[in-house]
Amino acid sequence: KAGVTQTPRYLIKTRGQQVTLSCSPISGHRSVSWYQQTPGQGLQFLFEYFSETQRNKGNFPGRFSGRQFSNSRSEMNVSTLELGDSALYLCASSLAGGSHNSPLHFGNGTRLTVT
Amino acid sequence: LAKTTQPISMDSYEGQEVNITCSHNNIATNDYITWYQQFPSQGPRFIIQGYKTKVTNEVASLFIPADRKSSTLSLPRVSLSDTAVYYCLVGDMKTSYDKVIFGPGTSLSVIP
Chain A
8 KAGVTQTPRY
18 LIKTRGQQVT
28 LSCSPISGHR
38 SVSWYQQTPG
48 QGLQFLFEYF
58 SETQRNKGNF
68 PGRFSGRQFS
78 NSRSEMNVST
88 LELGDSALYL
98 CASSLAGGSH
108 NSPLHFGNGT
118 RLTVT
Chain B
5 LAKTTQPISM
15 DSYEGQEVNI
25 TCSHNNIATN
35 DYITWYQQFP
45 SQGPRFIIQG
55 YKTKVTNEVA
65 SLFIPADRKS
75 STLSLPRVSL
85 SDTAVYYCLV
95 GDMKTSYDKV
105 IFGPGTSLSV
115 IP
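Line order of the protein sequences matches chains A and B.
My numbering numbers the first residue of the first sequence as 8 and each following residue consecutively.
My numbering numbers the first residue of the second sequence as 5 and each following residue consecutively.
Treat the hints loosely; a few may be bogus.
A few chain A positions that, by computed beta-carbon distances, are all more than 12 Å from chain B [stated by the list, open to error]:
1) Gln24
2) Ser29
3) Ser58
Computed footprint of chain A on chain B; a stretch qualifies when at least three of its residues, placed anywhere within it, have a C-beta under 8 Å from a C-beta of chain A [unchecked claim]:
4) 18-32
5) 65-79
6) 105-112
These aren't lab readings, by the way, just hints derived from the structure by calculation.
Ideal Cβ placement from N, Cα and C applies to all residues, glycine included.
Throw the hints in and build the complete structure from the sequences for me.
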């Protein structure tokens, strides 16, 4: 079974630009969640989508948004990029949302560098 | 989710058993304990999950005492490839996803 796939693997953008990251979950998984990982803040939850609906949201500004398509693939968008948005962005999928019988399966992330 | 406390770092020699303890004093009745492993520039990988007593799989064991206020991840006979950061997560993400907190984890260094 193919794992979680994130594209692109690396991305360099300039301040003020916007970026779209893509995540393809494991086949059959309906929940997709996004995380930001930085050396200073560690892994922080951004949002979670289930059946095309945002079900949970972390404490990030509105510049961070996402969506999920009918095939469970998800995209994350960051507008008006700031230097502090430089991070590893991780996507995780699960059958039902990371509960005890459906742990999270992570992709290898997109490394975003904002200059 | 319950707040967790783990050692920031640990060193071990190859072939030794490594035990990483996680404290979670305010664990709730419905909470499960999950451990993840992360290598540099990769996403965390699920290792093991448990609710009480002992759970064992092909890579690790998880020991949970009766009061469930702590848990210990045991890695038998570690090798250099076990050098990674290990995260302990406590909670039922299905009901409290917006409060998911990955702590700083434990950075394990395996020495040849």
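Cross-check of the supplied hints:
1. Distance check for Gln24/A against chain B: the nearest CB is about 23 Å away, which clears 12 Å, and the non-interface claim stands.
2. Distance to chain B confirms Ser29/A as a non-interface residue, since its nearest Cβ pair spans about 15 Å, more than 12 Å.
3. Every CB of chain B lies more than 12 Å from the CB of Ser58/A, the least distance being 14 Å, so the non-interface label holds.
4. Three residues within the 8 Å Cβ limit are the bar, and the region 18-32 of chain B against chain A gives 0, so the coverage statement is violated.
5. Here the region 65-79 of chain B counts 0 residues with a CB under 8 Å from a CB of chain A, which misses the bar of 3, and the coverage is violated.
6. For the region 105-112 of chain B, the stated coverage by chain A is satisfied: 5 residues place a CB nearer than 8 Å to a CB of that chain, which reaches the threshold of 3.
Going down the numbered hints, you'll see the structure goes against 4, 5, while the others check out.
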